[in-house]
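Novice: Residue numbers (our numbering), protein chains in the order written: chain A, 1 to 574; chain B, 1001 to 1319.
Because the hints were derived from the structure by calculation, they are not lab data. In this text, a Cβ means the ideal position worked out from N, Cα and C, and glycines have one as well. Be a bit skeptical, because a hint or two may be false.
Which stretches of chain B does chain A cover? Using the computed rule of at least three CB atoms under 8 Å from a CB of chain A, they are [what the hints assert, rightly or not]:
{"id": "1", "stretch": "1032 to 1040"}
{"id": "2", "stretch": "1066 to 1078"}
{"id": "3", "stretch": "1258 to 1269"}
{"id": "4", "stretch": "1274 to 1286"}
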Amino acid sequence: MKKWYLFIVMLLLMGLVACGTGGGNNTTAEPVAEEPVAEEPVAEEPMEEEPMEEEMAFEPMVMAAENCDYGGLIKEIAALDELTVQFTMCAPDPAFPSKAAFTAFAIQPSEYLEATGGTGDLLEKPIGTGPYMVENWARGEEVVFKRYDGYWGDAAKTETLVFRWNSEAAARLLELQAGTVDGIDNPAPDDFATIEADSSLALINRPALNIFYVAMNNTYEPFTDEKVRQAIAMGIDRQRIVDNFYPAGSEVASHFTPCSIPNACVGDSWYEFDPEAARALLAEAGFPDGFSTEIAYRDVVRSYLPEPGVVAQDIQAQLKENLNIDAEIVVMESGAFLDASDSGDLPGLHLLGWGADYPDMTNFLDYHFGAGASKQFGDKFDDITAALTQGAALASDEARMPFYEEANNAIKQHVPMIPVAHGGSGVAYAAAVEGGHASPLGNEYFAVMNPGKDTFVWMQNAEPISLYCSDETDGESLRACEQVTEALLSYEIGGTAVQPALATSCDPNEDLTVWTCHLREGVTFHDGSKLDANDVVVSWGLQWDASHPLHIGNTGAFTYFSALWGGFLNAPEE
Amino acid sequence: MSKVAELPLDDAGIGNISDYRSNSLWRLTLRRVLRQQSAIIGLILLGLLVFLAIAAPIIAPYDPDQVLIGVEDVKKRESPCIHILGCSTDKTQHLMGIDGNVRDEFSRVIYGTRVSLRVGFVTVSFAVLVGTLLGAISGFLGGWVDNIIMRILDVVLAFPFLLLAIAIVSVLGPGLTNAMLAIAIVSIPSYARVVRASVLSVREQDFVEASRALGASNWRILFGRILPNSLPPLIVTATLGIATAILDTAALSFIGLGAQPPTSEWGAMLASERNQVFSAPHLVFFPGLAIMLTVLAFNLLGDGLRDALDPRLVHGAKK
Chain A
1 MKKWYLFIVM
11 LLLMGLVACG
21 TGGGNNTTAE
31 PVAEEPVAEE
41 PVAEEPMEEE
51 PMEEEMAFEP
61 MVMAAENCDY
71 GGLIKEIAAL
81 DELTVQFTMC
91 APDPAFPSKA
101 AFTAFAIQPS
111 EYLEATGGTG
121 DLLEKPIGTG
131 PYMVENWARG
141 EEVVFKRYDG
151 YWGDAAKTET
161 LVFRWNSEAA
171 ARLLELQAGT
181 VDGIDNPAPD
191 DFATIEADSS
201 LALINRPALN
211 IFYVAMNNTY
221 EPFTDEKVRQ
231 AIAMGIDRQR
241 IVDNFYPAGS
251 EVASHFTPCS
261 IPNACVGDSW
271 YEFDPEAARA
281 LLAEAGFPDG
291 FSTEIAYRDV
301 VRSYLPEPGV
311 VAQDIQAQLK
321 ENLNIDAEIV
331 VMESGAFLDA
341 SDSGDLPGLH
351 LLGWGADYPD
361 MTNFLDYHFG
371 AGASKQFGDK
381 FDDITAALTQ
391 GAALASDEAR
401 MPFYEEANNA
411 IKQHVPMIPV
421 AHGGSGVAYA
431 AAVEGGHASP
441 LGNEYFAVMN
451 PGKDTFVWMQ
461 NAEPISLYCS
471 DETDGESLRA
481 CEQVTEALLS
491 YEIGGTAVQP
501 ALATSCDPNE
511 DLTVWTCHLR
521 EGVTFHDGSK
531 LDANDVVVSW
541 GLQWDASHPL
551 HIGNTGAFTY
561 FSALWGGFLN
571 APEE
Chain B
1001 MSKVAELPLD
1011 DAGIGNISDY
1021 RSNSLWRLTL
1031 RRVLRQQSAI
1041 IGLILLGLLV
1051 FLAIAAPIIA
1061 PYDPDQVLIG
1071 VEDVKKRESP
1081 CIHILGCSTD
1091 KTQHLMGIDG
1101 NVRDEFSRVI
1111 YGTRVSLRVG
1121 FVTVSFAVLV
1131 GTLLGAISGF
1141 LGGWVDNIIM
1151 RILDVVLAFP
1161 FLLLAIAIVS
1171 VLGPGLTNAM
1181 LAIAIVSIPS
1191 YARVVRASVL
1201 SVREQDFVEA
1211 SRALGASNWR
1221 ILFGRILPNS
1231 LPPLIVTATL
1241 GIATAILDTA
1251 ALSFIGLGAQ
1261 PPTSEWGAML
1271 ASERNQVFSA
1281 PHLVFFPGLA
1291 IMLTVLAFNL
1301 LGDGLRDALD
1311 PRLVHGAKK
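Okay, chain A solo, but in the shape it has when bound (with noise of 0.2 Å):
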């Protein structure tokens, strides 16, 4: 019996103790360095008998950093009423409603965001506002979501949506042409022509909202010369890696951002091929004779790189009759080749891209050259960063482009990488499909697609990583938590125009440096809460924290939110 009378007191004692931790994770979402700035509606008079309404009980929450010394963007974001948020920033940043439309910046409930514990179920059931809840996720075999019947905008057109993936392209299309997927991301150039000659298919062409490049880090031998990377730069054909190599719509890069964003393509066009030129350039380096190198790359098709294999052969073959280099070819795994390739492993030349996330400057330059930058590239080049700086805290286009312009002319200077393609690809579906689209964001829009049944099944190049998206920065991953995640404002669909999304607008003062957002009024998530202003805080605030309790997500590098606001708030010192 004592046993018994142990055992029911030692419950007793855990319920406490789960109690009191509860309550302290409230506190972890609650301001850091500020009481809540509002004053607490329960202080007022009760009304009689009538229960408290829901909107009584809001508490406003802030996160603020004491200062802006800390490197970032962001200085506050405050709660200011249930369906008002409010961003302070430390420097004007006109571009913040392309940056907020961005699916890492997708809103979730702070309660579930909290009962994850930042992690766990959040990387497979993320619960979201979208047209698309996840109802199961086969790992290895396919993702399967479900209409939201609450959703707040037009209800999705399927009842069902169904992600499968394939890393061959000819098996993509083979699923195509039997029918039993509606859908294919990147068919392969060379059977573009095939899907246009076939009458059951659609092809779309996705603009060419991308880069491929070829990078290298100046802390290794022999690249820390910048003659070495000139050198390579002007040996290197790219006209004749693009008109062999990439389809139609693809051009070879003058710039390393696309010339359709605004300021793009200022400044000095790249260096034309001169192998002569090159040997010369590498010979007064000390390397008359050549070297030897790696080119690392990974075998995942992308828009920017549709046949990784095959350009990185040419390439190895070109520095071998251009400049004499003997380069061995790597092959890597995705996630290894990312990873090594961000924390500056890869002592040789690598090939790596980037498309779009959303159109600005600072979604290209900033996010590889930029102060937050990775060491993709080595150390940065201080001109290059100060340019950036100074251009994305102006408002106007006309006004950044100076900065721009020098910045573009550093970057070929300096040579940390050869910008060589803006690859066109494309989509295919079945050509019974309507409102089929292409992105040139890669973020295809499915809910307002329609194959003429109850569901649509899209397949891609590969497997979503997870799908809690703050912390994931591949196309794949991103895509498929489009579907069941917003952020305040969204891209237009198939384009790049920002719109309301979750926040009717987001209003700035006259200097760019506070923006205020409206949310949407009745908007719930796939659990049936409500979305308040809460909720934005919390979300944003976990990524922004570092010693926030809810800072874990995938890896914890929470990647998007350092490159696109400048920096974590308590970041631990490297």
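Guided by the hints, dock chain B onto chain A, whose structure is given.
Specialist: Okay, now just chain B, sitting in the frame of chain A:
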């Protein structure tokens, strides 16, 4: 003790007898092999492959790594152009078409013969050498030496062949040499077992006892008497092993662990164009055909040798 007695007898008697028996065995074997049609086909195919490998620079119209962009008016993955089959004479002839990197596929397939034959012979030679040594020592000495060697080899044999090779290459790093080494290592137990079994049966025969009685050293008995008489099953296993080695190296190259670009190895060539199986089937067909023919040649020859060298199958082989 019997130095005086051993030398004259050995030189005058046993040595000659051994030579005579050995010669007649090989002649007999050759005659038996030549009686079998399949073995003859294997031999002819193998001879052709060896000729292609040796004469590759003469037969192949291009260097296997030469990119034809700017050299000829060809596009990547063009279909074969053979003049006698109706291809316009204005176009340059490419018997097996153009690959994804705009190189002549025929030249790459021809040069690939060199790689594959080298892989087969080097890998099997290494494995046979080590396997024979281990098997012979193990079988001849017996006891704890036999136990230790065979248990270690049993452990190696317990792993799936290709999986172990993949594991070894993963540790050593991708590359043709490492792939060959890995396949050689995992093949050793097969040869060691064959040789050990052979040694165990041969060492009990009268001529071995006679050598021992005449005072021959263990070393001399093992390598001068027992091993030469244990060779037939080893030769059969090795011949069939070359086919396996070529196939496994191609498999390793296919998954990116063997030959690295731009080496014209058939498995690697298959892998790099596998996605184009519908749009450019010739780029998958020809390297695949080359692998098939080479493996077939060694298998036919190996089967023929087995039939010829195994006395129990002599009658069957005549059919």
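Novice: All hints are to be evaluated individually against the structure, with a verdict given for each.
Specialist: Status of the hints after comparison with the structure:
no., hint, in the structure
1, 1032 to 1040, "violated (count 0)"
2, 1066 to 1078, "holds (count 6)"
3, 1258 to 1269, "holds (count 3)"
4, 1274 to 1286, "holds (count 7)"
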